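Got chain A sorted already, so can you dock chains B, C and D onto it with the hints?
Protein chains in written order, with numbering that gives the first Met the number 0: chain A, 0 to 138; chain B, 0 to 138; chain C, 0 to 138; chain D, 0 to 138.
Warning: the hint list may mix true and false statements.
Because identical chains cannot be distinguished in the list, a pair is counted as satisfied if it fits within a single copy or across any two copies.
[Stated by the list, open to error] Here are the simulated EDC-like cross-link-like pairs (lysine to aspartate or glutamate), alpha carbons at most 20 angstroms apart as the crow flies:
1) K117 x D72
2) K117 x D63
3) K129 x D98
4) K119 x D63
5) K119 x D31
No wet-lab data here; the hints were simulated from the structure. Keep in mind that this is a model prediction, so the values were computed, not measured.
Protein chains: 4
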Amino acid sequence: MAVIKEYYTVKLHDTDAAGVLFFANQFRIVHDVYEQFLIRIGCSFRERFTVGDFHIPIVHAEADFLQPLQVGDTIEITLSVSEVGNSSFTLAYQLIDLDGWVVGNVETVHVTTDPASKSKIDLPDGFREKIQEFIEESD
Amino acid sequence: MAVIKEYYTVKLHDTDAAGVLFFANQFRIVHDVYEQFLIRIGCSFRERFTVGDFHIPIVHAEADFLQPLQVGDTIEITLSVSEVGNSSFTLAYQLIDLDGWVVGNVETVHVTTDPASKSKIDLPDGFREKIQEFIEESD
Amino acid sequence: MAVIKEYYTVKLHDTDAAGVLFFANQFRIVHDVYEQFLIRIGCSFRERFTVGDFHIPIVHAEADFLQPLQVGDTIEITLSVSEVGNSSFTLAYQLIDLDGWVVGNVETVHVTTDPASKSKIDLPDGFREKIQEFIEESD
Amino acid sequence: MAVIKEYYTVKLHDTDAAGVLFFANQFRIVHDVYEQFLIRIGCSFRERFTVGDFHIPIVHAEADFLQPLQVGDTIEITLSVSEVGNSSFTLAYQLIDLDGWVVGNVETVHVTTDPASKSKIDLPDGFREKIQEFIEESD
Numbered sequence: 000m001a002v003i004k005e006y007y008t009v010k011l012h013d014t015d016a017a018g019v020l021f022f023a024n025q026f027r028i029v030h031d032v033y034e035q036f037l038i039r040i041g042c043s044f045r046e047r048f049t050v051g052d053f054h055i056p057i058v059h060a061e062a063d064f065l066q067p068l069q070v071g072d073t074i075e076i077t078l079s080v081s082e083v084g085n086s087s088f089t090l091a092y093q094l095i096d097l098d099g100w101v102v103g104n105v106e107t108v109h110v111t112t113d114p115a116s117k118s119k120i121d122l123p124d125g126f127r128e129k130i131q132e133f134i135e136e137s138d
Numbered sequence: 000m001a002v003i004k005e006y007y008t009v010k011l012h013d014t015d016a017a018g019v020l021f022f023a024n025q026f027r028i029v030h031d032v033y034e035q036f037l038i039r040i041g042c043s044f045r046e047r048f049t050v051g052d053f054h055i056p057i058v059h060a061e062a063d064f065l066q067p068l069q070v071g072d073t074i075e076i077t078l079s080v081s082e083v084g085n086s087s088f089t090l091a092y093q094l095i096d097l098d099g100w101v102v103g104n105v106e107t108v109h110v111t112t113d114p115a116s117k118s119k120i121d122l123p124d125g126f127r128e129k130i131q132e133f134i135e136e137s138d
Numbered sequence: 000m001a002v003i004k005e006y007y008t009v010k011l012h013d014t015d016a017a018g019v020l021f022f023a024n025q026f027r028i029v030h031d032v033y034e035q036f037l038i039r040i041g042c043s044f045r046e047r048f049t050v051g052d053f054h055i056p057i058v059h060a061e062a063d064f065l066q067p068l069q070v071g072d073t074i075e076i077t078l079s080v081s082e083v084g085n086s087s088f089t090l091a092y093q094l095i096d097l098d099g100w101v102v103g104n105v106e107t108v109h110v111t112t113d114p115a116s117k118s119k120i121d122l123p124d125g126f127r128e129k130i131q132e133f134i135e136e137s138d
Numbered sequence: 000m001a002v003i004k005e006y007y008t009v010k011l012h013d014t015d016a017a018g019v020l021f022f023a024n025q026f027r028i029v030h031d032v033y034e035q036f037l038i039r040i041g042c043s044f045r046e047r048f049t050v051g052d053f054h055i056p057i058v059h060a061e062a063d064f065l066q067p068l069q070v071g072d073t074i075e076i077t078l079s080v081s082e083v084g085n086s087s088f089t090l091a092y093q094l095i096d097l098d099g100w101v102v103g104n105v106e107t108v109h110v111t112t113d114p115a116s117k118s119k120i121d122l123p124d125g126f127r128e129k130i131q132e133f134i135e136e137s138d
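With the rest of the complex left out, here is chain A (with noise of 0.2 angstroms):
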């Protein structure tokens, strides 16, 4: 099953003055990933804002904080498809550190909409083919 694998930096910025990680900026930066995702399997949110024939907002996120995270910690981030429905996929997420501990995790659900109406769509059938394609995929 298909994996993509980035290393990310903590930054100064994604701190707060406890110290650590702030959470919500997990969330912020695992959606860095998902851009991969969507330029990997020939979709790029640029390209989503001119064709536009159908959106992918998020409609659940949620995510484990498993040790506090500092400025200059180097992470590597995976993501996989967990699941596929009718007008919706899932994606987790694992942060993992340099000694290869499970640091946090993040899984964010998405329904394909008509851009119009905003009501759930199926999953274009092109978009099913190229998620179905990455899953299929060896690393």
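Chains B, C and D only, in chain A's frame:
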């Protein structure tokens, strides 16, 4: 049961090129109300950093995004305590538009830890009482 | 000369591991007051995106950071118009603590541009008048 | 004269509903390169917080925004030291698109201060030497 209510108007920097609130910012925005909560129960972040006898990291957070929010939209954010455990407490937030529709919600789980060992400790008595008093307040 | 005044309390997410306001956030925070200014002169961002007959990008910004700000600090932010040119206007912001000391300031230079060609255009007459009326208002 | 060069791809969260990079994020993004600079001269933020014999707050920052940047745009960011004074140093950053056009620039002025008194101190000798060595390096 006590509830904190704050109004918030979506700022340009909260949105992204898709024209709506960037999902991670929903977590950031409700944390501002959590900071109000800490002040209201007499336990501000400033004090936390100074006294430092225990920490309160967030170990889990999740959110639903029910309606897209645009720059200039004003919402009411409510905070309530949904659970108090031995070494943790859970806060529930609702984002409500001016017509009374729930447009989003968030849940955050906080644990109390020892600053030195980073391991979980029971909610300190004084802190537990403050949370309990808040819950029992009438608005 | 008219001035907009807003109070702001520094949030945890505004700070970084150095314990004080992360410098870029001072620019973000004063932009919230600029959004108030646009609403006050009858020209909100929402309307800008809908009508879209001209854009108002920021072409220059600068700031002084005179005193470190910590989580929980409340400041007053003032906005005034410091210059109106042919195709640009300049806003000046002061950040003032509750004892009346100026702890920071920001200046932003805005130009009006044609949405299609992206090139500078003269301030549209109606917009120029709204800015002028604001300047001449007494508080 | 030594220059640090980093590539950066504009993320969705860097943009706003106007469809382009939110101006304050240009300051945030170049700070990431400053963090690289501190590591390169052997003086990371992590070390700064631990050793803590002097602080390096930013006292002034300014930027020009020459071309709008969109999600997915990749730019090169260069950092160079433009001035070293008794108790301050100034860094200059350029944002250059892949065709070689300068699309933005930033300048940040940093002073060295005593952690206890918060007053300005001369650049500590070891720190001044590290900056000087960086300047004299060939790329």
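How the hints compare with the structure:
Proximity of K117 to D72 under the C-alpha cut-off of 20 angstroms is restricted to the inter-copy arrangement: shortest distance 17 angstroms between copies versus 40 angstroms within a copy. Taking identical chains as interchangeable, the C-alpha atoms of K117 and D63 lie at most 20 angstroms apart only when they sit on different chains, with a minimum of 16 angstroms there against 30 angstroms within one chain. Taking the shortest alpha-carbon separations for K129 and D98, neither the intra-copy value of 33 angstroms nor the inter-copy value of 31 angstroms comes in at or below 20 angstroms. Taking the shortest Cα distances, K119 and D63 sit within 20 angstroms of each other only across copies (15 angstroms), while inside one copy they are farther apart (28 angstroms).
For a Cα distance limit of 20 angstroms, the shortest separation of K119 from D31 qualifies neither inside one copy, at 24 angstroms, nor across copies, at 31 angstroms.
Comparing the model with each numbered hint stated earlier shows that hints 3 and 5 do not hold.
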